[in-house]
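S.K.: Using the sequences and the hints given, assemble the complete structure.
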Amino acid sequence: MPVDPQGKKNRRWEHLRVPYRLVVMNNETFEEIGSYRLTLLNIYVAICSLLLLGAILIWLLVFFTPLKRLVPGYGDVTSSGEFIKIERKLRSAEEELSAYKLYYEKVRGLITGPQVAATSETEMSSPQIQADQEPVTRIPEDEELRDKVETEDALTISPEEFINSRKPDRELYEIYFVPPVNGEISAPFMPDKEHFGVDVLAPKNTPVRATMDGYVIASDWTLETGYTIGIQHDNNLISFYKHNSVLLKKVGEPVKAGEAIAIIGNTGTLSDGPHLHFELWQNGKPINPADYIRF
2 MPVDPQGKKN RRWEHLRVPY RLVVMNNETF EEIGSYRLTL LNIYVAICSL LLLGAILIWL
62 LVFFTPLKRL VPGYGDVTSS GEFIKIERKL RSAEEELSAY KLYYEKVRGL ITGPQVAATS
122 ETEMSSPQIQ ADQEPVTRIP EDEELRDKVE TEDALTISPE EFINSRKPDR ELYEIYFVPP
182 VNGEISAPFM PDKEHFGVDV LAPKNTPVRA TMDGYVIASD WTLETGYTIG IQHDNNLISF
242 YKHNSVLLKK VGEPVKAGEA IAIIGNTGTL SDGPHLHFEL WQNGKPINPA DYIRF
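Numbering of the sequence shown is given in the numbering used here, commencing with residue 2 and proceeding in unit increments.
All clues given are correct.
Pair by pair, the computed Cβ-Cβ distance ranges are:
| id | residue 1 | residue 2 | range |
| --- | --- | --- | --- |
| 1 | Asn183 | Ala94 | 34 to 44 Å |
| 2 | Val63 | Glu97 | 37 to 47 Å |
| 3 | Gly259 | Leu173 | 16 to 26 Å |
| 4 | Gly82 | Leu17 | 47 to 57 Å |
| 5 | Ala291 | Ser93 | 21 to 31 Å |
| 6 | Leu17 | Thr66 | 30 to 40 Å |
| 7 | Gly285 | Glu83 | 22 to 32 Å |
Keeping only pairs whose Cα atoms sit at most 27 Å apart, straight-line, the calculated DSSO-like set for lysine-lysine is:
| id | residue 1 | residue 2 |
| --- | --- | --- |
| 8 | Lys90 | Lys286 |
| 9 | Lys194 | Lys102 |
| 10 | Lys257 | Lys205 |
| 11 | Lys251 | Lys205 |
| 12 | Lys251 | Lys286 |
| 13 | Lys90 | Lys194 |
| 14 | Lys286 | Lys194 |
| 15 | Lys102 | Lys90 |
| 16 | Lys257 | Lys286 |
| 17 | Lys69 | Lys86 |
| 18 | Lys102 | Lys286 |
| 19 | Lys90 | Lys69 |
| 20 | Lys102 | Lys86 |
| 21 | Lys286 | Lys86 |
| 22 | Lys102 | Lys251 |
Because the hints were derived from the structure by calculation, they are not lab data.
No experiment lies behind these values; they were computed from the predicted model shown.
Yeah, the Cβ is synthetic: ideal placement off N, Cα and C, and Gly gets one too.
M.R.: Okay, here's the thing in structure tokens:
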């Protein structure tokens, strides 16, 4: 005998709607506390409603509270605005730290950098100019000034006195910088390529002048930059003059703006012709000299 699917479905539906009574009684006195009329359909609906309500509550908690960060693929903290701000600050701090480290290494290299060993008494007693350059003659006025500085103690001051006597900081545009040399800029300021200054072309034997008043903190030879001199100025400024053929000042000597401190040259492995490599640093960061000096 064939089975009627429709009749089976109706019987199942009727079974779900069969009423039952749930009686709540006291276990000791058997007193009836309450009774409830239920059907299986009511129970199924109640359970499904509770599950749906629970799902909605969980969804609200996940997507409108910090719990969403625990959801894989959704709560990625790297995409939050707060995280991006913190990451930018960290990157900025890392860049500043790298600049300070580079500044420290450059100053240390200027003061204690690799020395070129002299191979003869001539090299030990006087600077060696490259063979393709003409002998450099010292300027009489500069020689007299050097003798005067060395013999008169009244003209020399200690580094502590210089630092304590410095003027209050000023904006860079308020400062007059003396051009170290006058000439054409052959290589501009390119910090992204680790070229932290400008290269200025000038004739041979041109005196290199101090850009501001200051105190010589470095006057030495390095393998890469040749004869190099560094001067500490007001406003936390330091200037460097590289690839010279002759240095006219020693560490510890005070200098005036416009005073000759070296003779332009072509020394060092990084030099490919007579020129001056000039750098300006402030608070451990390089600045573009061409923005403030007309060469």
